[in-house]
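Peer 1: The residues making up each chain are set out below.
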Amino acid sequence: MNEKLNEILSLALEEIKEATTMLKLNEIRAFYTGKKSPLAEIMKTLASASIEEKKTIGAASNKVKQEIEKAINERRLILEEKEINDKLASEAIDVTLPGYDLKAGAMHPLNKVIEELEDIFIGMGYSVAEGPEVEIDVFNFEMLNVPKGHPARDMQDSFYIDENVLLRTQTSPVQVRTLLEASGKPVKIICPGKVYRRDDDDATHSHQFMQLEGLVVDRNITMSDLKGTLSMLMEKMFGKGRQIRFKPSYFPFTEPSVEVDVSCFKCGGKGCPMCKHTGWIEVLGAGMVHPNVLKGAGYDPNIWQGFAFGIGIERITMLRHNIDDIRNFYINDARFLKQFEGER
Amino acid sequence: MIVSYNWLKELVKLNVSAEKLAEEMSLYSVEVESFRKLINATNLVVGHVMKKTKHENSDHLNVCIVNFGDYDLQIVCGAPNVEVGQKVIVALPGAVLPGGTIKKSTIRGVESNGMICSLQELGLESKYVPAEYANGIYVLGDDAKPGSNALEYLCLDDYVIELGLTPNRMDLLSMRGVANDVKAMYRSELLPLEYQIHEIDQKTSDEVKVTLETSNCYSYYARCVKDVTIKESPAFIKARLIASGIRPINNVVDITNYILMLFGQPLHSFDQDKLGHNIVVRRANDGEKTVTLDDIERTLTHSDLVITDGVKPVCIAGVMGCSNTEVTNETKNIILESAVFRPLSIRKTSSRLGLRSEASVRYERGVDLNQSLEAVNYACYLLEKYADGKVLKGYVHQGTSYIEDKVIELDEQYVEKHLGITIKEEKMVEILKALSFDVTTNNHKVIVKVPNRRLDITIKEDLLEEIARIYGYDQLEETLPAVNVNGALTASQKARRIIRHTLVDLGFNETMTYSLVDAKKALEFVIKENANCKMITLSHPMSEDHSVLRQSLLPSLIEVERYHLARKMIDNAFFEIGKKYYQIDDKTYEENLLAGLISGVMPNTLWKNQTQTVDFFYLKGLLETLFRKLRLTVKFVPFDDAPKELHPKRVAKLMLDDNVIGFIGALHPKYIKEQDLCECYVFELYLDKMLEAEKPTITYKPISKVPSVERDLALVMDIKQNVGEVIDAIARSDQMITKVSVFDIYIGDKIASDKKSVAIRITLEANETLTEEIITSKIKRLLKSLEYRFKIVLRS
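If you read the sequences in order, they're chains A and B. Mapping the first sequence onto our numbering, position 66 (from 1) lands on 66, and the numbers just tick up by one. Just so we're on the same page, our numbering is the position in the second sequence counted from 1, plus 1000.
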């Protein structure tokens, strides 16, 4: 009888080993462990056997059954693994195919730079002030110490609506408006915005462009504060280690007035075509607020003092990104705009 | 202002190179626009033409033997005017000229050891070349020494520094003024002008009488010089004028220009035999006519100043002389004018006539009348010396002759408070003295007397600048201002950022277009509500295309779209945040707008050939996303009187509460055809109105612990029924309904022809499990009310 059992076992193990699908394996399990399995048949033949015999054969038969089940389980794990692997293999994709085109757009580079500047200044405690673009002559010129007939009006021929109203030629009138509104309190603002001048549009001129004005007025604001502020700004805009220098200049609404150079961010100051081999690039104008401007806005210049600066957004954007034609900003070619989709 | 380095060195002791000076002037004085060598050529020597023979193989070339002192060289020359005996400029082999390097060569079989040069070949602009040498070599004077440096002989061995003059520094419009600033920079000293006039006994006052009939002439000096010989100026005057960018003409004209550059005082010379003995300065009469030196007839107005002979104008004051008294080659006797006029008056006239000259530029900014006399005296000296003139005794003067120094006080404390660094009193005094100001101190006060030549200095802040720049801006500290204020964006600024970033994330490119547009464009896309807004027009536009301020951003976006279509880019999405500008009863207003445009294929549909073009609902979906971000409940309402540029059946106005905050729609097919566009969907929102209301903080709602339940209903309704209204009604009908969406619309034979079937999915949420009974009863109630309000029935 034992021989018979061993024969069943080796037959079953053989079949299990050869099973390549779960279906087959399930069939094998049904055949060997079900009610009509060869083992069951053997048990049936034992009806006439002695109790002792029944015991030993029953035990042997059970052991065979357990071994078969164990083999089936082992085989099942292998087959399941294989099945998963086959499925995975069939699901292979070409990961180099392009991703779905979800098309995020791009912010306009000028607005991007403005937001960057706003964030730098907000971090230093500035607010962002805004003012009208259709401005009165009094705010655009007269209260900025540029009376009618002043030669400085030469520098910025303007678009007039009528005798007293014009498109602002600078963001500086917002200085006056802010001071008037703050009426005698400290002021710390920047003002980004569009300005207009009578220039023919070409690679370096635009009748419309953007400026960012800064103004700080309090009791003890010094020119060293101006230098520190602009120095920090230039490091943030053009990278660590940038230095600045002041050169004498003239603006009617500041005294002293300076042009500000930043050390060339391309060559680090050694001299290159970008900085015309001087190591320095002119980036903005600044100065201490002229006492007439303070006085006109109701601030006593013997008590109050401050600094102001103005940055040409197009200029620094062109410098930073090596853009050679200002008209690019206003043509809005998607192929141009998309180049500024990423950060910086 | 162009500064000649050599000239400067005659006016101030200077031990720095021209290059270093140029660099340091921009740090301590004024912006330097350019720095260059006047003549960029080397190895030029004086040659003496000893022999000239015709070239055997050419009919226009000559073979010259040229002497250079101790040696001769054979040089082939093609110039028509080369002659034996001439002293000429020779570029020897190895010389670098703007046109290239000179080499020893063989020209048509004959050896040539250099080139005899014209002035143009040295790189001089032809306007500076005397007419007789325009087409040939330049001939030097007999005193030129063969073998010596030709540029030195011509006084053209010089460097020029071009200053970018700011409107305030009128004092730097003269060589003497520049010398004074340079003197301060290097704590150097000025070199005096040394000259002596040999006046004859005849008196100027017997020859000319000056009358001022207007206060616009502050000061008028006249001097008379007799028997002048008109001829070429000496080399040094010509060279300095060339360096200054002024064309040499003849000795008399050149000397007046020389004085202009030296003193900053414009001089005018009249031919006395044409002028007579009378000078009257007055305002011009309206309509008065005169012919200026450029042979153009000018019509004057009462705001112009004229110099007259008592009857007719002989000069438009400060701007240009008249041809009726012009100095010509025949002129013998000269009246010199050294005057100062009211800057504004000269500015008006010169800009009205479009005449800007070296003189008018100076008059506009202000001329120091304290040195008018010295300027005219020095001119007389030069005329005596270089024009053989006889200078009459004395001068005639009318008007103010001297303006006192201004006295300005400041102290150490004031300077420190403004610069943030300490500059000791002694240092301040030292700097101010270096600037040639009279300085005294009294009880910690520095008292400065500022001479009239520094018209730009009127207040102590101006002196602060003088001290700071000469002390050096590099000495400033770098500190940050301590101000007790905080900084943040306003709600509206924040909202505009959210809009910008959301739309960019949704696939739009942001544009920036011009605010000034064509007048026709400014009327497009204006909604009826804004019909009373008048457009703002420039009084003097530069072009029709940019003549009025826009009232909608859409025409500009459409322009951008057309640009892209023309370049075969058709899948586009653009937006812009910008202003509209308008006028109501002469008051101007500005409002923020947001506009957008989409066309072509929806993003994300091209792959796998599932292209789908954009449509109204795509754009509407994008806007709804934006409104959710901004926490605005905006309704899309049919728009009956939409702007005519929009498709009348595919347009909606956007309502926030009871306010129209914008519109969305397709472009009108007619407009598309007119403008050569493709199908586009656009929107424009009036941002200020939209962002006006303050929004409460978000309040958390507890999340239901049980899953939500969905029910689909097919609702049959009138074909014209707005589905939006129905959705709205369903959403409001029960608090438990949290979402209502449409997933199908059917129109066709299976239902009545005047009906449509709309498949709607309703989501219900509650805090406890919703039983089938509750749901059924809710749906039943809903259907009943829909039937009552909209005659809607459930599709069977």
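Hints are not guaranteed to be accurate.
Some chain A residues near chain B, calculated using beta-carbon distances under 8 Å [unchecked claim]:
id : residue
1  : LEU13
2  : GLU27
3  : PHE31
4  : GLY34
5  : ASP86
6  : ALA104
7  : TYR126
8  : PHE159
9  : LYS188
10 : ILE221
11 : MET223
12 : SER249
13 : VAL283
14 : GLY285
15 : ALA334
If you're looking for bench data, these hints aren't it; they were derived computationally from the structure. Where is the CB? At the ideal position from N, CA and C, for every residue including glycine.
Peer 1: Hint A/LEU13 vs chain B: min CB-CB distance below 8 Å?
Peer 2: violated (50 Å)
Peer 1: Using 8 Å as the Cβ threshold, decide whether A/GLY34 counts as touching chain B.
Peer 2: Violated - the Cβ of A/GLY34 stays beyond 8 Å from chain B, reaching only about 42 Å at its closest.
Peer 1: At a threshold of 8 Å, is the proposed contact between A/ALA104 and chain B supported by beta-carbon distances?
Peer 2: holds (6 Å)
Peer 1: Measuring from the C-beta of A/GLU27 to each C-beta in chain B, is the shortest one below 8 Å?
Peer 2: Violated, about 41 Å.
Peer 1: Does the nearest C-beta of chain B fall within a distance shorter than 8 Å of the C-beta of A/SER249?
Peer 2: Nearest chain B Cβ about 6 Å off; hint holds.
Peer 1: Do the numbers back the hint for A/PHE159, that is, is its least Cβ distance to chain B under 8 Å?
Peer 2: With a closest approach of 5 Å, the A/PHE159 hint holds.
Peer 1: Quick check on A/MET223 please, does its C-beta sit within 8 Å of some C-beta on chain B?
Peer 2: holds (5 Å)
Peer 1: Given A/ILE221 as an interface hint, is the shortest Cβ-Cβ distance to chain B below 8 Å?
Peer 2: Because about 5 Å separates A/ILE221 from the closest Cβ in chain B, which is inside the 8 Å limit, the hint holds.
Peer 1: For the hint on A/GLY285, does the least C-beta distance to chain B fall short of 8 Å?
Peer 2: Hint violated; A/GLY285 Cβ to chain B Cβ min 10 Å, cut 8 Å.
Peer 1: Answer holds if the nearest beta-carbon of chain B is closer than 8 Å to that of A/LYS188; otherwise answer violated.
Peer 2: OK, holds: A/LYS188 within 8 Å of chain B, min 5 Å.
Peer 1: Just to be careful: measuring from the Cβ of A/ASP86 to every Cβ in chain B, is the smallest value less than 8 Å?
Peer 2: violated (26 Å)
Peer 1: With a cut-off of 8 Å, does the beta carbon of A/ALA334 approach a beta carbon of chain B closely enough for the hint to hold?
Peer 2: holds (5 Å)
The structure shown violates the earlier hints numbered 1, 2, 3, 4, 5, 13, 14.
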